[in-house]
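Visitor: Chains as they are written, first to last, in the working numbering: chain Z, 232 to 714; chain S, 9 to 242.
Calculated cross-link-like contacts (lysine-lysine; reagent style DSS-like; alpha-carbon spacing at most 25 Å):
hint, chain 1, residue 1, chain 2, residue 2
1, S, 117, Z, 508
2, Z, 624, S, 225
3, S, 176, S, 129
Keep in mind that the hints were calculated from the coordinates and are not lab data.
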Amino acid sequence: MNYLKSIILLIIVSFFGSILQHTIAHTNLAMLYILVVVITSILWGKGPSLVAAILSVLIFDFFFVPPHFSLTVADTEYLITFGTLFIVGTVISSLTLKARKQAETAKNREAHTRALYNMSKDIVQTIGQETLFKMVINHVNKTFDAETAIFVNNNDKMIVKSGPHDIMNTETDASALMESFKNGKPAGWNTNLVPEANVYYLPIHTTNNMFGVLGVKFNKKKSPTHEQYRLLETFANQIALAFERNKLADAEQQANSLREREKLHTVFLNSISHDMKTPLAAISGSLSSILNDTNMDETSKKILLETAYEESTRMNHLVGDLLDMARVEAGALQINKNYAEVKDLIGSSLKQMEKTLKDFTIFVKIPYDLPEISVDFILMTKVLKNILDNAVKHSQNIKEIIVSAYLTGNCIDISIADRGIGIPTDDLEHVFNKFYRVKRPTNYDGTGLGLSVCKGIVEAHKGKIRAENFDNGGTIIIISMPL
Amino acid sequence: MPQTKTQNTIRALIVDDEKSIRKFLSVSLSSRGYTVSEAVNGKQAIEAISLFRPDFVILDLGLPDMDGNKVLEEIRNHSNVPIIILSVRDRQEDKIKALDKGADDYLTKPFGIEELYSRLKAVLRRTLRIEDEPVFKSGKLYVDLAKRTVKICARNIELTPTEYDILKLMVMNAGRVMTHRQLIKQVWNKNPDEYMDHLLRVTISNLRSKIEPDSSKPEFIITEPAVGYRLQNE
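Next up, chain Z with everything else stripped away, as it sits in the complex (with noise of 0.2 Å):
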């Protein structure tokens, strides 16, 4: 087709040559052909080219060249005209043709580099292993025309970690890749390993192991050029680049959780030393006086027992709350669930408070018609108490309660509010973390524990718990739960 072209060239350019061969020299209408061989070697390559010098030179000595319409040439010097003619024409083309070549080379190296360039950038974007994955498919299917698919070593098994499943379905391809896995080396279509295989295999190796097998089927059938097969290497090396930085990043995060863990760990200890050793010491350093002073007066021995049994129930109230902690982190809460009434669930965290709450006057406001609540009776009373008990421990002056409960939208919220010191603006979202203790002038007694527990049943309730202030001083917990 092309050499077609360049003869059609020739003609037209032969047309005009011989209405103006009596207006111009000779030697100028050479160089008319001269141009159509580098227009030729430009447009068409370098057959043609080649074609067209010699074709111009036969042409011009045949019909511009005296005697016309013969190949015999009268005037010898003509012959130089010819030579160099040719020799131009020759040269030229074949310089074009470097140029072109370059050029060529220069654009697919630059359609290379961005494509590499690009899923670089993806990878570095690309949080999570599986998404990395089909990024990086998705860039060698674009830039090499194929299907791909990544396949990772399982019990001495290839399996398709991800891509296309069905990408190798053949007995054939199935030893093609076991063979560039165990070899580390490309195999299947057009290598030397398996080359019946429809499938390119390529291993990816990271820096100390094989991580894998890209395998791609091109779309069309024609060998990939010496670069293509370069680019896809790279490609190989950015995927195990990449997964080993995931790698890293997970073991990362990994790290990172145990440190917070193991900080926790400490307050943890910490806060439990402190919380266990102090009834402990008071129980036994009571005891022991009233064991060792036989002198004691009834009074003091009194005292001194009272004093060991609140300690105990405090210290009772602890291992609880450690009890039920454990639970919730270890994730045993075992949910009873039963449709309940809410007055009673309430009704009887009250009446199991009724010691603490002795002082308090209580106000409780449930509509008539709320609809019962699906919970775990013994759990949300737990939750109920725990809140009531704090808000008997951070009241001074007003001894006052209110626990109410009513219907927003899907939820049945039950809100208890006191008149006490309240919370600090930024620590309401806090209250609920472990071991979270309100920094106040004065000690109050608690384990950090109580509302964290809370946040852990009223959550593995689907339900949602806040802590609010109170306008007039005071604080509001807000328990949402489901219907």
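We have chain Z already, so just place chain S on it with the hints.
Guide: Chain S only, in chain Z's frame:
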């Protein structure tokens, strides 16, 4: 095992493998005038029922030789002696199981001795009450089973037949935890299911609104979370 019989004291059998618990209970109960015998395992406990003939049993569930529930069953096979369970097991299933098997009450360790005494008194008051004494009084609540009348502060209360049946059952078991299953079985003669549970809750709720001064803070019919109800017996 003390075999000396004091005719007029109440006899208590303590079944627990923990020495400290046995000791503390036996000291406390003795000082209140009870005659106490101890058993360290299930076998001893079952023997003691016929040998010592206790008026009530305090039973731990975690015994070295056999499970407390098994002991409970064995005792119930031939004796109606009141049994109070004292256990560290605090799951509702454990409570319901023991109560359904015939335990009279259930306390979880650790517990205050006052709590134990009040439960004990309630259980004893019920069993020691003479059969033909049909009048029950607890605070402002007055129930006369013979005349089918219920009064609060001398004011007559109208109850539906079902409400009355539940109250009657609770009066006859005053102080004792009645499980949901027991109530549903004995009042409706049905097995518990979602609907019956609901019906029971509604009936209790209605009953409370009639006899409780403030139904949001019940004084007479106490909810035993996830287990059942108990009629306060004072």
